Amino acid sequence: MTAVDYVFWVFAILTVGSAAVVVSARSLIYSAFALLFTFFGVAGLYVLLGADFLAAAQLLIYVGGILVLLLFGVMLTHKIYDLNLRTEKTQLLPGLIIATGLFIIVAAVAFKTQWPQAARLPAPTTHEIGRMFLGEYLLAFEAASVLLLVALIGAAMIVRRKKDA
Amino acid sequence: MTTGLEHYLLVSGALLSLGILGLLTRRNAVNVLMSIELILNSANINLVAFSRYGAGNVNGQVFAVFVIVVAAAEVAVALAIVLTMYRLRRTPNLDDADILKG
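Quick mapping for you: the protein sequence lines, in order, are chains D and W.
Start counting the first sequence at 1; every next residue gets the next number (my numbering).
Start counting the second sequence at 1; every next residue gets the next number (my numbering).
Chain D on its own, in the form it takes in the complex (with noise of 0.2 Å):
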């Protein structure tokens, strides 16, 4: 095993650990803290990957933003002098049974397969996406800046308080 293949495990453990943590924890921010450590492993995932700009895009989104908001639903939807912020758990053993085996089957496809092949990509990626974006890609990277345009106004208005009620 070479330096890079320790760094892929200790990225793999950290990820799947923490996510365990999420599924796990029986307070809600500690589910939201673990989260955190979730979307660190993947961005060292997509380095390992080759993957540079997502990477980046994944620690400014998913740390900096979704997960800020996460924690903001789970600030605003208890009571703030309610600290052990329990969440109950259902059908644990239908899920259980569920979730292990979808994970014996993906696994037992992803190591049965024969998989193709390909040269390593060059490392810095980020020219090549942004020639994609406007180029081939150019109708989803529109449709995807109006999808965003949309949800921003519609979650304004969801949460909006009516002035007479």
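Careful: at least some of the hints might be erroneous.
What the hints assert, rightly or not - Under 7 Å between C-beta atoms, here's a sample of chain D residues computed to sit facing chain W:
| hint | residue |
| --- | --- |
| 1 | L69 |
| 2 | L71 |
| 3 | G73 |
| 4 | L76 |
| 5 | T90 |
| 6 | L92 |
| 7 | G95 |
| 8 | W115 |
| 9 | M132 |
| 10 | Y137 |
| 11 | L147 |
| 12 | L149 |
As the list claims (entries may be wrong) - Listed below are the simulated EDC-like cross-link pairs for lysine to aspartate or glutamate, each with C-alpha atoms no more than 20 Å apart in a straight line:
| hint | chain 1 | residue 1 | chain 2 | residue 2 |
| --- | --- | --- | --- | --- |
| 13 | D | K112 | W | E6 |
| 14 | D | K89 | W | D95 |
| 15 | D | K89 | W | D98 |
| 16 | D | K89 | W | D96 |
Quick caveat, the hints were computed from the structure, so don't treat them as lab data.
In this text, all values refer to a predicted model and were calculated from it rather than measured experimentally.
In this text, a Cβ means the ideal position worked out from N, Cα and C, and glycines have one as well.
Let chain D serve as the given structure and place chain W on it in line with the hints.
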């Protein structure tokens, strides 16, 4: 043993299973949203891994960026709905979101 595509697929499969588990067993809406984020992240790892090992071009990474964009929009709207539900019902529990029930 060198790290290959199947190891990344294994990590992604584990993330997907954990996300499904959280989706099925949690009752708190914010917790369910976190599980959805886990599932989207696992899909992203798959896209980037195949882009690196399978295709040899950056198409998978472009797709992953779109997934991140959709995830951001989804979380914003979903949290707005959760907050509105909390204001109406004083609970973030999904089982209590039965206002539309006849």
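Right, here's what the structure says about each hint:
This hint holds: L69(D) has a C-beta 6 Å from the nearest C-beta of chain W, less than the 7 Å allowed. Interface hint status for L71(D): violated, as the beta-carbon distance to the closest one in chain W is roughly 9 Å, over 7 Å. Using the Cβ-Cβ criterion of 7 Å, the hint placing G73(D) at the interface with chain W is satisfied: the shortest such distance is roughly 5 Å. With a cut of 7 Å, the hint placing L76(D) at the interface with chain W holds, because the nearest CB-to-CB distance is about 6 Å.
At a threshold of 7 Å, the smallest CB-CB gap from T90(D) to chain W is about 6 Å, leaving the interface hint in force. For L92(D), the suggested interface contact is upheld, since its CB lies about 5 Å from the closest CB of chain W, less than 7 Å. Hint status for G95(D): holds, given a least beta-carbon distance of 4 Å to chain W, under 7 Å. The criterion of a C-beta within 7 Å of any C-beta in chain W is met by W115(D), whose closest approach is roughly 5 Å, and the hint holds.
Evaluation of the M132(D) hint against chain W yields a held restraint, the C-beta minimum of about 5 Å falling below 7 Å. The closest approach between the C-beta of Y137(D) and any C-beta of chain W is roughly 6 Å, which is under the 7 Å cut-off, so the hint is satisfied. Proximity of L147(D) to chain W holds as hinted, the smallest CB-CB distance being about 5 Å (cut-off 7 Å). Annotation: L149(D) was flagged as interfacial toward chain W, and the flag is violated, the nearest CB pair being 9 Å apart, outside 7 Å.
Straight-line distance between C-alpha atoms of K112(D) and E6(W) comes to about 9 Å, which keeps the hinted pair within the 20 Å bound. Using a Cα cut-off of 20 Å, the hinted pair K89(D) and D95(W) holds, with the two alpha carbons roughly 11 Å apart. Our distance criterion of 20 Å between C-alpha atoms is met by K89(D) and D98(W), whose separation comes to about 19 Å. A distance of roughly 14 Å separates the Cα atoms of K89(D) and D96(W); the hinted pair therefore holds under the 20 Å criterion.
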